[in-house]
Amino acid sequence: MRPVTRPPPQAAGLSLIQLLLALGLLAGLATLALPGFQDVLDRTRVDTMRMQLLTAFAAARSTAISRRHAVSVCASDDGRHCSLDWSAGWLIYRDRGRQDQPAAPDDVLHYQPGQRARGIRATATSGRPTLRYGANGRSLGSNLTIALCLRDERRGDVIVNNTGRARSLTYRGTEPCP
1 MRPVTRPPPQ
11 AAGLSLIQLL
21 LALGLLAGLA
31 TLALPGFQDV
41 LDRTRVDTMR
51 MQLLTAFAAA
61 RSTAISRRHA
71 VSVCASDDGR
81 HCSLDWSAGW
91 LIYRDRGRQD
101 QPAAPDDVLH
111 YQPGQRARGI
121 RATATSGRPT
131 LRYGANGRSL
141 GSNLTIALCL
151 RDERRGDVIV
161 NNTGRARSLT
171 YRGTEPCP
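Under UniProt numbering, the residue at position 152 of the sequence shown is numbered 152, and the numbers go up by one with no gaps.
Think of the hints as simulated: they come from the structure by calculation, not from any bench. Some hints could be false.
Claimed, not checked - So the derived label-pair ranges between C-beta atoms look like this:
#	residue 1	residue 2	range
1	Asp47	Gly13	37 to 47 Å
2	Pro35	Gln10	38 to 48 Å
3	Ile17	Tyr111	54 to 64 Å
4	Val40	Asn162	29 to 39 Å
5	Leu32	Val4	51 to 61 Å
6	Arg6	Leu29	39 to 49 Å
7	Arg167	Ala103	26 to 36 Å
8	Thr163	Ser126	13 to 23 Å
9	Tyr171	Arg68	31 to 41 Å
Positions of the beta carbon are idealized from the N, C-alpha and C atoms, including for glycine.
Please build the complete structure, drawing on both the sequences and the hints.
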């Protein structure tokens, strides 16, 4: 009887040239996709800031009602003092005597750093640095609108009316920034 001969085994892999071509194609696709991905990240950061502001205003209002004293939210770049730039961050503090600053360090209830370094700008109507909530949860003063801008395009607004209710708007088109 004759022995059965098998064909020699085939190489089961990729050649070096095939690997280099695949890596080159992958690098080219990544180069095309990264600028679009950066825009998605920037829009997500603006949306995150919008939601954080809504949460801060709701928390300040709830705290004012539950503790039965005035609570304020103001723009702050250091977490201790109020400033004019909402992009730098904001703090929630117990407002004793309608001051524009926390009276003592223990009056600060919460500090949220902003996203100024990422090209996001947040400006309030008339440069309004402080939003005050009375013990009944109503906003003391006039309506407040904080415009959120990414570079020179308006991407959203956070609006607080006189009853203290906060809401937000998003812009997907090219709205000019104030």
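Against the structure, the hints come out as follows:
1. Against the hinted window of 37 to 47 Å, the Cβ-Cβ separation of Asp47 and Gly13 comes to about 46 Å, which satisfies the hint.
2. Between Pro35 and Gln10, the C-beta spacing of about 42 Å keeps the proposed range 38 to 48 Å intact.
3. The hinted range of 54 to 64 Å is satisfied by Ile17 and Tyr111, whose Cβ atoms lie roughly 57 Å apart.
4. The given range of 29 to 39 Å is respected by Val40 and Asn162, whose C-beta atoms sit roughly 36 Å from each other.
5. Distance hint for Leu32 and Val4: a CB-CB separation of about 53 Å, consistent with the stated range 51 to 61 Å.
6. Between Arg6 and Leu29 the CB atoms are about 41 Å apart, so this pair conforms to the stated range of 39 to 49 Å.
7. Between Arg167 and Ala103 the beta carbon distance is about 30 Å. The supplied range of 26 to 36 Å therefore holds.
8. With their beta carbons about 20 Å apart, Thr163 and Ser126 fall inside the hinted range of 13 to 23 Å.
9. For the hinted restraint 31 to 41 Å between Tyr171 and Arg68, the CB-CB distance of approximately 38 Å keeps it satisfied.
The structure fails none of the hints (numbered hints given earlier).
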